[in-house]
Amino acid sequence: DAKTTQPPSMDCAEGRAANLPCNHSTISGNEYVYWYRQIHSQGPQYIIHGLKNNETNEMASLIITEDRKSSTLILPHATLRDTAVYYCIVRVHQSKLTFGKGITLSVRP
Amino acid sequence: EPEVTQTPSHQVTQMGQEVILRCVPISNHLYFYWYRQILGQKVEFLVSFYNNEISEKSEIFDDQFSVERPDGSNFTLKIRSTKLEDSAMYFCASGGTSGFGELFFGEGSRLTVL
Chain H
1331 DAKTTQPPSM DCAEGRAANL PCNHSTISGN EYVYWYRQIH SQGPQYIIHG LKNNETNEMA
1391 SLIITEDRKS STLILPHATL RDTAVYYCIV RVHQSKLTFG KGITLSVRP
Chain F
2 EPEVTQTPSH QVTQMGQEVI LRCVPISNHL YFYWYRQILG QKVEFLVSFY NNEISEKSEI
62 FDDQFSVERP DGSNFTLKIR STKLEDSAMY FCASGGTSGF GELFFGEGSR LTVL
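Those protein sequences? They're chains H and F, same order as listed.
Those letters in the first sequence? Residues 1331 to 1439, per the working numbering, in order.
Those letters in the second sequence? Residues 2 to 115, per the working numbering, in order.
No lab work stands behind these hints: they were computed from the structure.
Among the hints, a few may not be true.
Using C-beta positions, here's what the derived DEER-type ranges look like [what the hints assert, rightly or not]:
#1 H:Ile1369 - F:Glu54: 30 to 38 Å
#2 H:Gly1359 - F:Leu115: 42 to 50 Å
#3 F:Gln18 - H:Thr1395: 46 to 54 Å
#4 H:Leu1381 - F:Ile21: 35 to 43 Å
Over 10 Å on every C-beta distance to chain H, these chain F residues come out as not near it, computed from the model [unchecked claim]:
#5 His30
#6 Asp63
#7 Pro71
#8 Asp87
#9 Leu104
#10 Thr113
Ideal Cβ placement from N, Cα and C applies to all residues, glycine included.
Construct the complete structure from the given sequences, taking the supplied hints into account.
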């Protein structure tokens, strides 16, 4: 089963930052935190991953707490197209991704 | 940008028939996966494949399922005798040379078993 917990849903206004929380209190030292999203029934889309340092790319920022027991995905300027299910997943090297229920983000106009 | 492609996008079959779902992973990737998603449910892992053999499989991946990489480019999932409960979206994914970093998913093949 998934080793992360996420709220079932949240919403935010278009143009505002969306902060998606994730708890992974049992994470191991060799596990990375990955974020994927799934728009409608499309294939999951990679967003970002990190080990312990904060990471940023063109899509999002990932903030990992110092104890690595939780993290936050930040979409800096949410658009309607960011409405999706977002999955927080912990993964070791060369292992499969295990998807939980994720968090449904609804971006409102 | 390289992508994972899957065919067919939708297949309708009768219960008991064999089905083959095809995937073309990203060309220099070495790690391959099949997942499925029953309507309204979670994305579930089926099988991973590396170095021409199965590296891990889930309980779902029973004797009715098989995978193959017949020609070095395609990666196929075969369901030998389909059941109604096999109706789902099937996603193929591939990962890079290190087996780490992101997995890239295809758009999926929807299987409907009647």
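A quick look at each hint next to the structure:
no., hint, verdict
1, H:Ile1369 - F:Glu54: 30 to 38 Å, "33 Å, holds"
2, H:Gly1359 - F:Leu115: 42 to 50 Å, "49 Å, holds"
3, F:Gln18 - H:Thr1395: 46 to 54 Å, "51 Å, holds"
4, H:Leu1381 - F:Ile21: 35 to 43 Å, "39 Å, holds"
5, His30, "13 Å, holds"
6, Asp63, "17 Å, holds"
7, Pro71, "23 Å, holds"
8, Asp87, "17 Å, holds"
9, Leu104, "6 Å, violated"
10, Thr113, "13 Å, holds"
Comparing the model with each numbered hint stated earlier shows that hint 9 is the single one that does not hold.
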